[in-house]
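Protein chains: 2
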Amino acid sequence: MTGEEPLKIGIAGLGTVGSATLGYLMHENARIAARAGRALKVDAIVARDRTKDRGVDTAGLRWFDDPVALAKDDGIDIFLELIGGADGVAKAAVEAALTAGKPVVTANKALLAHHGAALSKLAEETPGASLHYEAAVAGGIPAVKALREGLAGNGVTRVSGILNGTCNYILTEMEETGAAFADVLLDAQKLGYAETDPTADVGGFDAAHKLAIMAAIAFGRQIDFAGVEIEGIENVSSEDIVAAGDMGYRIRLLGMAERTAEGVSQRLRPCLTPIDSPLGAIEGVTNAVMLEGDAIGTTVLTGPGAGGGPTASAVLADIVDVARGNTPPTFGIACNDLAPARSGLSIRDEGAFYLRVALEDRPGTLAEVAAALGEEGVSIHRMRQHEHTGNAAPVTIVTHTCDLAAIEKAKTRIAALPASVAPPVAMRIVES
Amino acid sequence: MTGEEPLKIGIAGLGTVGSATLGYLMHENARIAARAGRALKVDAIVARDRTKDRGVDTAGLRWFDDPVALAKDDGIDIFLELIGGADGVAKAAVEAALTAGKPVVTANKALLAHHGAALSKLAEETPGASLHYEAAVAGGIPAVKALREGLAGNGVTRVSGILNGTCNYILTEMEETGAAFADVLLDAQKLGYAETDPTADVGGFDAAHKLAIMAAIAFGRQIDFAGVEIEGIENVSSEDIVAAGDMGYRIRLLGMAERTAEGVSQRLRPCLTPIDSPLGAIEGVTNAVMLEGDAIGTTVLTGPGAGGGPTASAVLADIVDVARGNTPPTFGIACNDLAPARSGLSIRDEGAFYLRVALEDRPGTLAEVAAALGEEGVSIHRMRQHEHTGNAAPVTIVTHTCDLAAIEKAKTRIAALPASVAPPVAMRIVES
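Just so you know, the sequences run in chain order A and B. For the first sequence, the numbering used here assigns the number 1 to the initial residue and increments by one for each residue that follows. For the second sequence, the numbering used here assigns the number 1 to the initial residue and increments by one for each residue that follows.
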């Protein structure tokens, strides 16, 4: 430990993550300071409720009402933004801290996804400022550090993952219980695994924020949240989960950013993936990040994607980095070296697809479906007719590699068949 | 990219890893330099054979015959030791580079395991010197960075893993083919997965080096390779693999360092672990590192543990760290803050155990075994008699939690029974 002044920490937001972070900084201070190579002192905090018991003695701390005032305060050396929200006070406070030349640590994936370009530029242009956000991606898993630093020598080809624990919990429960999405969601809300307004999670937006952040680092390009194609899990049915399971697949909400000949694609959507693949094997609230590069091949990181302790672990790692002076550019390379975000570029989506079609149970209908697929150049790898339920005979199809555009056209053709009793469902199959 | 002088790199050793590293630094220079925030230039190399084609144009490089001379050379800013070996020229060269105040990057786990204490002290005491070894543990997996920096806020409770790809390949092959250890080893040697002298791998020493390194970082203590209890896979039999499989377990060579009430234990040995556990699921040459801490809970990293590309990926990450000025203490905290290595301390080894006993197939023998276990206080959880083979009836037993000392005593008792036809085998069961 050196004799220098302690690093004085200001924390805005004492919710689950803020309280856990504060707790570790107070109760395990010496241990963390040894890792940081410097004394660490929580100096000031902002929280709505000053009376709430957070299991920590806050008597010696300065209290602020306004996060922006704390962010600017000369008494702190580093600002922790643990408030949340893409805009509003969180953004204002982060801007204020960066403008004041302070390192900022945040767990705010929405802020990064929406304003990462401007904030990274501000951090880079302001002496003393830097922006750290390990906690914004996959909770405690050190995914940002692994990608930005651990794989720094690689030409990254693909970054993929299970980036939302709530969705993975729901999909796992649907698998195990056979229950419908809506019922499992209700249970998840009761258990506290899902928010009252579940849109950010089940709609895929939270995971898409994380994917956009990782894609920016992986491919050295400006963050492009608007460029993420997003589909949530609201329409995943028990029928599809069972049909996928029969073929050795699980349905998982996969984020996937890939370098292709046409550019970088960013897609967040339910996919079929083998039950024993690195991502297919992930159950419950666990997150997983798969990183692929020219030198390393593939490495996979799994762990808790949320929760006070794991997220605090990531925040603390960023504090230690700041204390040690490890402040690389926000997205791994200088802002001016980042490739521009693509704008409205549509990138071919090629692969095998799963299709489920519900047909009237009478002779000749399968041939009509096969013909519709053939007319769009979609070649069938496997096709299976299931016991009919009600008036419909479900048919599941696995295609050979083809383009999503062809699948969409085939779906339209099939939906227009007189025998079709429900809109066809299609999902991408990701073998690994 | 700044306008400063390039970071001039000296590489000693152009084997698989050195050549791969050199190749990336030459062919992907601009990409890696962008990550490093600084121009990178390979300046000088040492290799035995100057004529060998390494797929890289070495015309502009300075050649040295003596690694120590290169290490000391004023023309280089960073020294890459990719020679190998715990002692000899590798050690002399690393010492010379550190003494000259240069950052050193090495993939040499044996060197770290045996001389890490002295080398880390030398690095710390010499201005400009630092010691980087991401490539020494689990190849391309950024395990050192994850543990030292990503989990810096955690009180680590356990570090475990599958740390030797050769052993895991052999165990996986034995599982899949039913072949004996010796035959699979021979095949592995033919395929280049095992060395001509396989002792370092199958004897567990290579994995033990890596475990000792991770334990030093995880628990903030001096590296203590001598304190690792080591057992290789040479005595793992097909019978045990089959019996384990029947109970839902796989046999894996696990490295495990744990903080216990008595101190830190370091053990490297074949264990039974559930087929669907994070480590039990690992097949073939893949490595896996499981990190457990008070804040994060558990995170698992998997990937390629060896090979030119993956190991070069780790070496390049260290170079980027050096270029960026990210040079934390060798084992994460200052040498003086490291706890002393334990010396000869014996730490209780408690858990469930697997026992295989070969008995004459006659009435009453099972009762004798049960009595022998009972006399040592070993309580039976599951017991199963298998079809007899030859003159012996194999019996497999899973115990409740007990101490290894009791198991050892029970083994002695059982071996002395008149009905015992072969020495009993015992292995620790690790549920997760």
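The reader is advised that the hints may include incorrect statements.
Claimed, not checked - If you only want the chain B side, here are some residues facing chain A, beta carbon under 8 Å, derived:
| # | residue |
| --- | --- |
| 1 | Pro6 |
| 2 | Lys8 |
| 3 | Gly75 |
| 4 | Ala146 |
| 5 | Thr199 |
| 6 | Gly297 |
| 7 | Leu301 |
| 8 | Pro328 |
| 9 | Ile380 |
| 10 | Met383 |
Note that these hints are calculated values from the structure, not bench results. Since the model is a prediction, treat every value here as computed from it, not as a measurement. In this text, a Cβ means the ideal position worked out from N, Cα and C, and glycines have one as well.
For each hint, the structure was consulted:
A least Cβ separation of about 16 Å between Pro6 of chain B and chain A goes past the 8 Å threshold, and the interface hint is therefore violated. Given the 8 Å rule on beta carbons, the hint for Lys8 of chain B is violated: about 17 Å separates it from the nearest Cβ of chain A. Annotation: interface hint on Gly75 of chain B violated; nearest CB of chain A at approximately 23 Å, more than 8 Å. A distance limit of 8 Å between C-beta atoms decides the matter here; for Ala146 of chain B the minimum to chain A is near 5 Å, and the interface restraint holds.
Evaluation of the Thr199 of chain B hint against chain A yields a violated restraint, the C-beta minimum of about 27 Å exceeding 8 Å. At about 5 Å, the closest approach between the beta carbon of Gly297 of chain B and any beta carbon in chain A falls short of 8 Å, and the interface hint on this residue holds. Checking Leu301 of chain B against chain A: minimum C-beta separation of about 5 Å stays under 8 Å; hint holds. Against a cut-off of 8 Å between C-beta atoms, the interface hint on Pro328 of chain B holds, since the closest Cβ of chain A lies about 6 Å away.
Of the supplied interface hints, the one on Ile380 of chain B is violated, with its beta-carbon coming no nearer than about 31 Å to a beta-carbon of chain A, more than 8 Å. Contact between Met383 of chain B and chain A, as hinted, is not supported at the beta carbon level, the nearest pair being about 31 Å apart and thus beyond 8 Å.
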